[in-house]
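K.L.:
Work out the full structure: start from the sequences and follow the hints.
Below are the chains, spelled out letter by letter.
Number of protein chains: 2
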Amino acid sequence: MPARLGEFDLIDRLRRRTAVARRDVIVGIGDDGALLRPRAGRDSVLAVDTLVAGVHFPLDTHPRDMGWKSLAVNLSDLAAMGAEPVAALLALTLPNADRAWLDAFAVGFGALARRHGVALVGGDTTRGPLSISVTVIGEVPRGRALLRSGARAGDLVCVSGPLGDAAAGLALVQGRIDGGIAITRRLRRSLDRPTPRVALGIALRGIASAAIDVSDGFLADLGHVLRASGVGATVEVARLPASPAMRRLLPDVRARAPLQLAGGDDYELCFTVAERRWPGLLRKAAAMGMRPTVIGRIEARVGLRCVDAGGGAITTARAGYDHFALSTPHPTRGVGRADPPNATRSRGSRA
Amino acid sequence: MPARLGEFDLIDRLRRRTAVARRDVIVGIGDDGALLRPRAGRDSVLAVDTLVAGVHFPLDTHPRDMGWKSLAVNLSDLAAMGAEPVAALLALTLPNADRAWLDAFAVGFGALARRHGVALVGGDTTRGPLSISVTVIGEVPRGRALLRSGARAGDLVCVSGPLGDAAAGLALVQGRIDGGIAITRRLRRSLDRPTPRVALGIALRGIASAAIDVSDGFLADLGHVLRASGVGATVEVARLPASPAMRRLLPDVRARAPLQLAGGDDYELCFTVAERRWPGLLRKAAAMGMRPTVIGRIEARVGLRCVDAGGGAITTARAGYDHFALSTPHPTRGVGRADPPNATRSRGSRA
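Chains A and B, in that order, give the protein sequences.
All residue numbers for the first sequence refer to the numbering used here, where the first residue is 550 and numbers rise by one.
All residue numbers for the second sequence refer to the numbering used here, where the first residue is 550 and numbers rise by one.
Careful: at least some of the hints might be erroneous.
[Stated by the list, open to error] Residues on chain A that point at chain B, a partial pick, calculated with CB under 10 Å:
| no. | residue |
| --- | --- |
| 1 | R586 |
| 2 | V597 |
| 3 | T599 |
| 4 | L627 |
| 5 | V670 |
| 6 | T675 |
| 7 | A760 |
| 8 | S764 |
[Unchecked claim] Cβ pair distances, simulated, as ranges:
| no. | chain 1 | residue 1 | chain 2 | residue 2 | range |
| --- | --- | --- | --- | --- | --- |
| 9 | B | D652 | A | G724 | 37 to 43 Å |
| 10 | B | G838 | A | R693 | 40 to 46 Å |
| 11 | A | G755 | B | G829 | 48 to 54 Å |
| 12 | A | G729 | B | G666 | 55 to 61 Å |
| 13 | A | G703 | B | D609 | 55 to 61 Å |
[To be verified] Cβ-to-Cβ under 10 Å is the rule here; a few derived chain B residues that face chain A:
| no. | residue |
| --- | --- |
| 14 | G579 |
| 15 | A583 |
| 16 | P587 |
| 17 | V594 |
| 18 | D598 |
| 19 | V683 |
| 20 | G692 |
If you're looking for bench data, these hints aren't it; they were derived computationally from the structure.
Glycine included, C-beta positions come from ideal geometry on N, C-alpha and C.
P.N.:
Pasting the structure below:
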């Protein structure tokens, strides 16, 4: 029998596990709302993302990883805006209050919150099917936020790190690809414990012309930037960065391309930058241990074109994942799988 | 067959239905996050609340009312802080994208959003069991937010309007009380379409010593104020304001007291105020069509005491609703009802 907790005990456990003190948090948990004092000359950035068990993560995901990931996907949105994280609110729907589950969840959530100085300032716990909705607020110097709409013809298209690891991890977990235990564990970790690129996002302010995080899938997400900016792009598939584990699992570029192009959940940043800014950016990124990669170029002609090393066009049937258009099969989803599937991709639609 | 929508179509429909333009919203829906520009000298107030079908509203609730209520319960939190609403983010989990459902939801949400000038600045739609999580942000002049912690011995305990209507509406819907069609319809409306007391909350700034909204149940919510303020109170049960419909349904004060004391979902404000401020407040409230009622007094002795008209103590077995302590029956919940019940009370625990 799992130990049951009352509601206030539950909130209190989360608060203690995730406590981060900030001077701009005047009132945190414990009133009708949280009271924050924005710094002068700053804009506020707000984002929300929900994770549903069996939809956004496999049902066997460790609660510690659910805690981490539910905050990570939101901090990734702040990173894509170039914002510094400030605080988070957690709306947790749980079938029952299991103390061990909750402690593990709080450990994962708290580890990432402390790393980025994020205060948990509000919460709401409800009985129901497991669902985790996190809202984050961040700040950015006035008028300096990174938007999707600034890409210009001639800009380089870049990504902050390897693509496709999370999708490969899911495919391995679901038995759709065979891999050894070590590779499976490594790639599953990319799925369960994504790293939001917060410091890089801040470093990109005033340098990148547009940015987005890779959550729905690289093609879908770059597509959002292109539409918002009114431009097109050509991407060289062979240049997509792949992790060592991915290279060992799928040495052939063509075999891993579907996972890299359409698989979501990577939470790397995809950004555009004027060519003359690239060398300086590369040095700045290197100083923080990051090595972004140029994978294409923005063009005036609308549309997204993928080419192989020789410049030949590659057909890409599917550009992203849509929660509400399930008649089209998703490349990383098993054929004939029950609906809802045991585990699928991406964070759903974002707006 | 319900018409199915793609994700962006879905977000776009919501956006169009709920569009409110604000100068302090620099970027709304359509980027990784929303970008707001807080006014100088203002504090930000943040609150989140989740509504789960069958837990927070009866399963037969009209989607228009779900849209209204999901925003109303959050605006009520802002009202209790004395904050002016600015913007909302909506995390919607839906079993499937039914165009008619979504349009109706947007109509209800949008009607209340426009009434209070709330911009919908972010959204997230996910496939899963129906769940609606709304985050609101509001603003209040620096240092002027109403808190739960300011009640002082001698202050009057007041409520902004009738208590118990929503609980009675639920009891009628569930067949636990008999009432005519007209009364049932009237009280059901209190359950489905609560009115957040936003203007009154703003008017209470600098006048009320503490405030909270009545969501979990009057005793539970006043209890939060007492604990936060380190004081106690005596409440005269016969003074609890009751609507005409409630008086017709349950003319006997003792019969309606359980619904009024422990039933949640009223979203009236409960506040405390120094006696000398009361006449001025009453005039100010009257000017906005409100008639708050004095129902008790704050005392130095901790604890919450309920007395009848003669001053005799009334035993109150249960002070609120706890989502995760279901072994204790809830006064407004049917005995022997399946778990989760078809419809229950309150918004769950808040922090």
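K.L.:
Determine which of the earlier numbered hints do not hold for this structure and return their numbers in increasing order.
P.N.:
Structure breaks no hint.
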